[in-house]
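Q: Residue 36 in UniProt numbering sits at position 36 of the sequence shown, and the numbers go up by one each step.
Because the hints were derived from the structure by calculation, they are not lab data.
Just so it is clear, CB atoms sit at the ideal spot from N, CA and C, and this is done for glycine as well.
Some hints here could point you the wrong way.
Stated by the list, open to error - Pairs of lysine-lysine residues, derived as DSSO-like cross-links and limited to a Cα-Cα distance of at most 27 angstroms, are as follows:
#1 33 x 16
#2 33 x 15
#3 16 x 36
Stated by the list, open to error - Derived DEER-like restraints, expressed as beta-carbon distance ranges:
#4 37 x 17: 10 to 20 angstroms
#5 37 x 12: 28 to 38 angstroms
#6 37 x 69: 50 to 60 angstroms
#7 52 x 17: 37 to 47 angstroms
#8 30 x 53: 28 to 38 angstroms
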Amino acid sequence: MQLHELAPIHINKGKKRIGRGGKRGTYSGRGTKGQKARAGHRIRPAERDLIQRLPKLRGFNNKPKAKKSNA
Numbered sequence: 001m002q003l004h005e006l007a008p009i010h011i012n013k014g015k016k017r018i019g020r021g022g023k024r025g026t027y028s029g030r031g032t033k034g035q036k037a038r039a040g041h042r043i044r045p046a047e048r049d050l051i052q053r054l055p056k057l058r059g060f061n062n063k064p065k066a067k068k069s070n071a
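Turn these sequences into a full structure, and let the hints guide you.
A: If you want it as structure tokens, here you go:
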């Protein structure tokens, strides 16, 4: 081996993939522009008002068992 034959060792390190869905990342899977990329576009006011009118279901609801018949 001579001096001109020396070469640096290359480590195969992949590129960082950013913005694939999820919680953090460049755009978090939304893309850059458009209505779906903006904040607060998901729920319409009519649907929200309907949800707010319904009472909250609280507690435990024990469903009765189905009756079996030997017919």
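Q: What are the numbers of the hints that this structure violates, sorted from low to high?
A: Violated hints: none; all satisfied.
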